[in-house]
Amino acid sequence: MFALVLVPFLVEAVGVFWPAFQGISLSFLHWNGIGPATPVGVKNYVDLFSDPIFLTALKNTAIWIVLFGGISFAAGLGVALLFQSERRGVGIYRTALFLPIVFSLVVTALIWGAFFQPNGVLNNVLDAVGLHSWTHVWLGDSSTALYAVIVAALWREIGYVMVLFIAGLKALDPAVQEAARVDGATAWQRFWHVTMPQLRSVNLVVLSVLIIDSLRSFDIVWAMTRGGPYHSTELLSTYMFSTAFGSHALGYASAIAVVIFVLAIAVIVSYLVRALSEEKEA
Amino acid sequence: MTRKTTRWLTALGSAIAATALLAGCVSTSGEAQQAKSGPDASGPLILQSRFTDAEKGGLDKLVKDFNAKGEGQVKVNTIPTTTFNQQLPSYLTAKNPPDVYTWYAGQATRDFADQNLLLDLSSVWKDHGSDFPSSLKSLSQDSSGKQVFVPTGYYWWGVYYFKSDFQKLGITPPKTWDEFLADAAKIKGQGVTPFTAGLSDNAWLASAWFDYLDLRINGADFHLKLLSGKEKYDSPQVRKVMAAFKQVLPYFDPAVLGTTQNQAMSDFSQGKVAMYLLGAWAQPSVPADKQSDLGFFQFPTIDPSVPVAEEGPTDGFIASVKTDKPNLTKKFLDYVASPQAQTDLAASQQGTYLPANSKASLNLDALSKQGKDMLQSAKQVTQFYNRDAGDAQQTPADTALTSFIAHPENLDQILKDWDAASAKIRATS
Numbered sequence: 019m020f021a022l023v024l025v026p027f028l029v030e031a032v033g034v035f036w037p038a039f040q041g042i043s044l045s046f047l048h049w050n051g052i053g054p055a056t057p058v059g060v061k062n063y064v065d066l067f068s069d070p071i072f073l074t075a076l077k078n079t080a081i082w083i084v085l086f087g088g089i090s091f092a093a094g095l096g097v098a099l100l101f102q103s104e105r106r107g108v109g110i111y112r113t114a115l116f117l118p119i120v121f122s123l124v125v126t127a128l129i130w131g132a133f134f135q136p137n138g139v140l141n142n143v144l145d146a147v148g149l150h151s152w153t154h155v156w157l158g159d160s161s162t163a164l165y166a167v168i169v170a171a172l173w174r175e176i177g178y179v180m181v182l183f184i185a186g187l188k189a190l191d192p193a194v195q196e197a198a199r200v201d202g203a204t205a206w207q208r209f210w211h212v213t214m215p216q217l218r219s220v221n222l223v224v225l226s227v228l229i230i231d232s233l234r235s236f237d238i239v240w241a242m243t244r245g246g247p248y249h250s251t252e253l254l255s256t257y258m259f260s261t262a263f264g265s266h267a268l269g270y271a272s273a274i275a276v277v278i279f280v281l282a283i284a285v286i287v288s289y290l291v292r293a294l295s296e297e298k299e300a
Numbered sequence: 024m025t026r027k028t029t030r031w032l033t034a035l036g037s038a039i040a041a042t043a044l045l046a047g048c049v050s051t052s053g054e055a056q057q058a059k060s061g062p063d064a065s066g067p068l069i070l071q072s073r074f075t076d077a078e079k080g081g082l083d084k085l086v087k088d089f090n091a092k093g094e095g096q097v098k099v100n101t102i103p104t105t106t107f108n109q110q111l112p113s114y115l116t117a118k119n120p121p122d123v124y125t126w127y128a129g130q131a132t133r134d135f136a137d138q139n140l141l142l143d144l145s146s147v148w149k150d151h152g153s154d155f156p157s158s159l160k161s162l163s164q165d166s167s168g169k170q171v172f173v174p175t176g177y178y179w180w181g182v183y184y185f186k187s188d189f190q191k192l193g194i195t196p197p198k199t200w201d202e203f204l205a206d207a208a209k210i211k212g213q214g215v216t217p218f219t220a221g222l223s224d225n226a227w228l229a230s231a232w233f234d235y236l237d238l239r240i241n242g243a244d245f246h247l248k249l250l251s252g253k254e255k256y257d258s259p260q261v262r263k264v265m266a267a268f269k270q271v272l273p274y275f276d277p278a279v280l281g282t283t284q285n286q287a288m289s290d291f292s293q294g295k296v297a298m299y300l301l302g303a304w305a306q307p308s309v310p311a312d313k314q315s316d317l318g319f320f321q322f323p324t325i326d327p328s329v330p331v332a333e334e335g336p337t338d339g340f341i342a343s344v345k346t347d348k349p350n351l352t353k354k355f356l357d358y359v360a361s362p363q364a365q366t367d368l369a370a371s372q373q374g375t376y377l378p379a380n381s382k383a384s385l386n387l388d389a390l391s392k393q394g395k396d397m398l399q400s401a402k403q404v405t406q407f408y409n410r411d412a413g414d415a416q417q418t419p420a421d422t423a424l425t426s427f428i429a430h431p432e433n434l435d436q437i438l439k440d441w442d443a444a445s446a447k448i449r450a451t452s
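Heads up: the sequence lines are chains B and V, in that order. Its first residue numbered 19, the first sequence is counted upward by one per residue in the numbering used here. Its first residue numbered 24, the second sequence is counted upward by one per residue in the numbering used here.
Read the hints as simulated data drawn from the structure, not as lab findings. Positions of the beta carbon are idealized from the N, C-alpha and C atoms, including for glycine. Fair warning: there could be bad hints in the mix.
Unchecked claim - Rough simulated footprint, nothing fancy, chain B against chain V, three-plus residues with beta-carbon under 8 angstroms:
1) 104–117
2) 128–140
3) 147–156
4) 280–287
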């Protein structure tokens, strides 16, 4: 019995725990990857909070979780409710929404990059309908770039969340809905008091997926803006990457990685603890 | 909170605390390395290359010819350029690293050499040193003056334009800053954008402007001091550079920060943009039917009393000090330094590359000849921002220059941040 656990534990230990420990211990050093490292205690962590780029990245990551996570959740649930029932042609809509998932994020970034180009589709359409004053250098302007990237990321995520919700909705017993209808519940009451409580375990999965996806978002930002212009679209993940492999400050980059790790663990653990204890009460 | 999760969280907390104690256990010490002596180990020599498919024809021929000599076998391992540049520190610090690498001269090489990661190549220089221009000698040394780099070639930077477009616009290539600004105004007046750059995916291109303005206003000596941290970015000299940069900003494509390099090249090739400050490497991306129309002029003089300096980025090869085949490595690099090998390498670069060995025989086209003359007449040759300052300094430079392009009014803050970021990288990396 113990030996059965030991094998996966050893694999985990070599592949996950040991590198993670190394990453954490690196964060207490100054190291450029080639020379000797110097221990600096918690200086990397102290420096983080006077680093304007880190603070921008932290703020952008928060915006990202709220907008990307929130809109994905709401829109995914919305389209799932809309497309859950089997009607003629509904498969086409579902496929259309799910299709972006099959593209790699880098391809998605290329498509949306072309869309947001200074003379790309979006600006041309705005010009054509007489809204020239709305045209923008979407990805090159620090006030719009982050939101432009979020739109591209949403395009992909909504279909994914929709599939998770449709699966959840399909598993519900239609008799419960029917009973509520017979009792005279309005559509909103049926959704809020009948459907949502039954979806609790699906919500848990979707929220965890969204938070993890938000915190590990990297490729789409890197491919569309590389965190620019002048760090205005920097997320913690992209800043960590460019600090480690652009500036060769591996200790400092590890400190950023630890912050990401702590954020992810904190959010997920607190959510799991709450959800599990609620389940126990119920 | 259930008891189980409490216990789990306690375990997590103590694990983190334990790791803090482990700090320093990672193999982060830069232990001194000794080059292996005695006979070579068996097996082929591994050459780690960043050349793209378009460029590697010459390298393949060079390696094939060397292998045919029967002195040993060389195997080329091609890695995409960006990955290669990021991974080189990991390769060199690995236990059994590849033997030979393509790399850049100057500070980029010195950074590794000073950590004692590179093989001493003085013997190659003893045999071929007299064939290389003297300026390449100091670029190939570590801080103690030992040769650790074998140059293969270099290229030039210039302000590119199309001759037919200039004719239509009534412009002749300017020589001075005032003529340059007047021409830009004249071009803009005719509804054509004077300058562009692909800053959305290649923000480092802005450093070309900074480098040239600093070289023309403050000279190469100040420039190199600034880039090595001995001068400050919020100094009056740099302010003069930024003031000149501000003079040309109105002539840039207003969408320059959102323009990709592909887009910028296509705007330039289609005549929507009249001039583009570029390195010779960009020439092949101009459509074939416009190649003969392409021209460039030397970045204009701003202060005639400042000795003319040019950017002449130099490429070449380095070898790992840990190689278990030092004799074969030196034999191979001896061949790389030879006129024949350098001719082969340059021949595959579509006229954008000048061989470092002066005895290499290559028919130069008009642009290469102009580039060679320009570099030979220059009083001083610099490499490029990231090669002179060290690659890690490129990010703060990109941040400073792109935010200056968007908000030139924030100059004070931008220069202060640049100085702080640059000093911090010097201190922490």
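Checked hints:
1. Three residues within the 8 angstroms Cβ limit are the bar, and the region 104–117 of chain V against chain B gives 5, so the coverage statement holds.
2. With 4 residues bearing a CB less than 8 angstroms from a CB of chain B, the region 128–140 of chain V meets the requirement of three and the coverage assertion stands.
3. Counting residues of the region 147–156 of chain V whose beta-carbon sits less than 8 angstroms from any beta-carbon of chain B gives 0, not enough to reach three: the coverage restraint is violated.
4. For the region 280–287 of chain V, the stated coverage by chain B holds: 5 residues have a C-beta nearer than 8 angstroms to a C-beta of that chain, and at least 3 were required.
In this structure, only the earlier hint numbered 3 is contradicted, and the remaining ones agree with it.
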